[in-house]
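**Q** Fit chains L and F to the supplied structure of chain A, relying on the hints for placement.
Residue numbers (this note's numbering), protein chains in the order written: chain A, 16 to 175; chain L, 968 to 1460; chain F, 575 to 676.
Quick caveat, the hints were computed from the structure, so don't treat them as lab data. The beta carbon of each residue, even a glycine, is placed where N, CA and C say it ideally should be. Each hint should be verified, as a subset may be incorrect.
Partner residues are not named here, just some residues of chain F that face chain L (Cβ under 8 Å, in silico) [stated by the list, open to error]:
hint	residue
1	Trp579
2	Ser630
3	Tyr641
27 Å max Cα-Cα, derived BS3-like pairs, lysine-lysine [as the list claims (entries may be wrong)]:
hint	chain 1	residue 1	chain 2	residue 2
4	L	Lys988	L	Lys1127
5	A	Lys170	L	Lys988
6	F	Lys664	L	Lys1127
7	L	Lys1394	L	Lys1330
8	L	Lys1163	L	Lys1260
9	A	Lys41	A	Lys89
10	F	Lys673	L	Lys1394
11	L	Lys1127	A	Lys101
12	A	Lys120	F	Lys664
13	L	Lys1127	A	Lys41
14	A	Lys41	A	Lys120
15	L	Lys1330	L	Lys1260
16	L	Lys1403	L	Lys1330
17	L	Lys1403	A	Lys170
18	A	Lys89	A	Lys101
19	A	Lys170	F	Lys664
20	F	Lys664	L	Lys1403
21	A	Lys170	A	Lys89
22	A	Lys41	F	Lys673
23	L	Lys1127	A	Lys89
24	L	Lys1394	L	Lys1163
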Amino acid sequence: MILQTALLIGVVIFSVLAILLRDLLKSAIALAAASLLLGIIFFRMNAPYAGVFEISVVAGLITVLFVLTIALTKTGEEVRESRLVKWAFPLVFIAFIVVDALVMKSLLGQVPALAAGAESGSFGEVLWRARTYDLVGQIAVILAGVFSVLALFRKREKHD
Amino acid sequence: MIILFVVLPLIVAGILPLVGKVSRRVLPDLLANATLLALLVFAAVAGRPLIAGGPVLQQLSWLGEAVNLRLALDGFSLLMLLAVSLVGLAASLFSIDYMEHYGAKANYYALYLVMIAGMNGLILSRDLFSVYVFLEVAAVASYALVAFGLGHDELEAAFKYLMLSVVASAFLVAGIAVIFGMTGHLDFAAVAAGLKELNAVPVMAIASAFFLLGFGLKAALIPFHAWLPDAHPSAPAPISAVLSGLLIKVSGVYAMARIFLNVFGLTPALSTVLMWLGVISLVVAAFLALGQKDMKRMLAYSSISQVGYVVLGIGIGTPLGIAGGLFHLFNHALAKGLLFLTSGSVQQATGTRDLDAMGGLAKRMPVTAATNLVGSLSIAGVPPLNGFWSKLLIIMALVQAHHPAFAVVAVLASVLTLWYYLIIQRKAFFGQLNAKWAAVKEAPFWMTAATVLLAVLCVGIGILFSLTVTTWIQPAADVLADGIHAVTGSWGF
Amino acid sequence: MTNTWYLYVFFAAALIGAGLLGLLAKRNLIKLFIAIEVIGKGISLLLLGTGFAKASILTAQALVITYIVIEVSLVATALALIINITRHTKSLDVRNLAKLKG
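So here's chain A without its partners, still in its complex pose (with noise of 0.2 Å):
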């Protein structure tokens, strides 16, 4: 549990990080990394699917994709990001963190839950079995992104 809350607290930093270093390629490394320990996280919530897509999917493939962009839309000159929220987002965050920790104190005990039943079969099962129409879902959205990608790259000939 200790190792478990480390690791947590790990995710929260290097997301911060991702979020305010001035440095894109920095960002995009530092999300990675946030990947990697929350990939860690889900193994060790004996979620192994779970943490194998996180770090092959998230902290692979999607960094991959954002250092392309990045690469791809060098611009030359940096965007200046606001002054004030240099110093004002770690207060607001924390003051926010604050107020998360205590309403999950006052939370403890008042979410009522149904007694959960035993889990029957193994994943391949439930992703198979239970979790077909998701699935068919799946198959639906990457072709929606493939048709995006294709639509939003296609040369352009003469149009209005």
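**A** Just chains L and F, lined up with the frame of chain A:
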């Protein structure tokens, strides 16, 4: 075989790029429209006999193995499927001519069919998470469709739409996680039963708030509407028609109504919130529409206003109110789809959306002017068109449920609606023919055909409103009015 | 709900909050999208934490995997939009996207 509503558009979308390499225009046009026509025939003809004996629950078997594709078709879903097929087909026919100068037609139709598949998938879902998955399918397809022209305005609108939409989706999943945490289930029947047993009002209020935020943004209710007035005008006209006519209703109103009425159960508190959200959208958006110079922007604000009407009707919770709300949802889908299509015809002919620059187009584009008039009067609620009857039902329901103030506001907002629609009609079509437009021609065949189809439906449903209500609207309203029982009774595992 | 659930919800809320604050505060288009990715992490953590607490870790994993697949499509589309936007405005500043009034 109701899975066909989802799978057929997906398969055709999958092969469209290959087809597009062979034939750039004819085959994609043919394939896409044939698919939508098939879905329309299926919904219109085979739908009602299917549900005659109660909701249909599908459990498919594939290659000998029982695959757990759990779908459900009842009166409410069927009404939505019909609306999606009708407006989807009309906008697709319109695209045959309109999308010529955008290029990449096969790609366009592929995205379009995926969006339709996403909407149908949402409608047929029995499971909270599947609702989210297919909502995202339709949304991802719609971002690229809004940006399809690749101009600055379209890209800006699509980006803002995407950003706001993703935040809404995050809240939706948060709400789903809370419900999952409480009940341990995700499918409607088990969740409804579990929530009734737990009766945890404060936590359900939090989950409801998350859902309101998420679905409210998808439905573009005020104050979550900021993305719509940019996204709908910038998109190509047939996409604006589908977005305003279908997507905000399927992703927003249908999902909200299904979850709030059939899974949570409409409590008086929830009813009040929905009614206030509805009436605020109704009034504020109507005022905002008045000041617009851009034709499509005015239509966009009108969509926000009319969706407010629908949510107001459903929020009343009485059978009459729900029936009125659903009837108005259907009518608005047809009429707003029609109006965006005619605006596309005007935009293509004149090259502008600025109302002040137009004038007297009725002389050169009589069919477009006539169909635009039908659509405008329908939404404004002028008898004997369809919009009149649905608005009347909602107002009657408000009076019956002892909300006379709301009823008066609704009537006044209707007058306002009529006003700004007549402004469009007058500025664009009637009046002196602006010299610039002396040479414009009527819109090409498929574009006029699509608008005439929708206009005829508006008139026909208006005249045959009683038949429409008993055949299509009443079964849908009954499902919602049943509340939780509609889901726990016959959908139970 | 077990106490570990509240721990996971606390951190998930922290991530989502950080992402939302980032959306409000940042001006670089790519940074805005990184903020959205952080929100996505918070949501996956919330889903898995809930599954863990309900002894339904298998179902929760299926949900998270589907969610990640959706996220990938979303990222691809959004980054394609961003690249197209920079072709027009030659800048990654979101303030250049203020033409439409909303």
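**Q** Are the hints correct? Go through all of them and say.
**A** Going down the list of hints, with the structure as the test:
Nearest Cβ of chain L to the Cβ of F/Trp579: about 7 Å, under the 8 Å cut. The hint holds. Because the closest C-beta pair between F/Ser630 and chain L is about 6 Å apart, less than 8 Å, the hint holds. A hinted interface residue such as F/Tyr641 counts as satisfied when its beta carbon comes closer than 8 Å to some beta carbon of chain L; here the least separation is about 7 Å, so the hint holds. Straight-line distance between C-alpha atoms of L/Lys988 and L/Lys1127 comes to about 33 Å, which puts the hinted pair past the 27 Å bound.
Between the alpha carbons of A/Lys170 and L/Lys988 the distance comes to roughly 14 Å, so the proposed pair stays at or under 27 Å and holds. Restraint check for F/Lys664 and L/Lys1127: the C-alpha separation of about 18 Å stays at or below 27 Å, so the hint holds. Distance hint between L/Lys1394 and L/Lys1330 is fulfilled; the C-alpha atoms sit about 13 Å from each other, no more than 27 Å. This hinted pair does not check out: L/Lys1163 and L/Lys1260 have alpha carbons roughly 50 Å apart, beyond 27 Å.
Taken as a hint, the A/Lys41 and A/Lys89 pair is honoured in the structure, with Cα atoms around 15 Å apart against an allowance of 27 Å. For the hint linking F/Lys673 to L/Lys1394, the alpha-carbon distance of about 25 Å falls within 27 Å, and the restraint holds. About 24 Å separates the Cα atoms of L/Lys1127 and A/Lys101, which keeps this hinted pair within 27 Å; it holds. With a CA separation close to 48 Å, the supplied pair A/Lys120 and F/Lys664 exceeds the 27 Å bound.
Under the criterion of a C-alpha separation no larger than 27 Å, the hint pairing L/Lys1127 with A/Lys41 is consistent with the structure, at around 25 Å. Among the hinted pairs, A/Lys41 with A/Lys120 is inconsistent with the structure: their alpha-carbon atoms are about 35 Å apart, more than 27 Å. Restraint check for L/Lys1330 and L/Lys1260: satisfied, since their Cα atoms lie roughly 22 Å apart, inside the 27 Å limit. Distance hint between L/Lys1403 and L/Lys1330 is fulfilled; the C-alpha atoms sit about 13 Å from each other, no more than 27 Å.
With a C-alpha separation of about 33 Å, the suggested pairing of L/Lys1403 with A/Lys170 is violated against the 27 Å cut-off. Pair hint A/Lys89 plus A/Lys101 holds up; C-alpha atoms about 23 Å apart against a cutoff of 27 Å. Using a Cα cut-off of 27 Å, the hinted pair A/Lys170 and F/Lys664 holds, with the two alpha carbons roughly 19 Å apart. Taking the CA atoms of F/Lys664 and L/Lys1403, the gap is near 35 Å; set against the 27 Å cutoff, the hint is violated.
Proposed proximity of A/Lys170 and A/Lys89 is supported: the alpha carbons are some 21 Å apart, at most 27 Å. Between the alpha carbons of A/Lys41 and F/Lys673 the distance comes to roughly 31 Å, so the proposed pair goes past 27 Å and is violated. Proximity of L/Lys1127 to A/Lys89 is assessed by CA-CA distance (about 22 Å); at most 27 Å being required, the pair is judged to hold. Distance check on the hinted pair: L/Lys1394 and L/Lys1163 sit about 55 Å apart at the alpha-carbon level, beyond 27 Å; violated.
Taken one by one, the earlier hints fail for this structure at numbers 4, 8, 12, 14, 17, 20, 22, 24, listed in ascending order.
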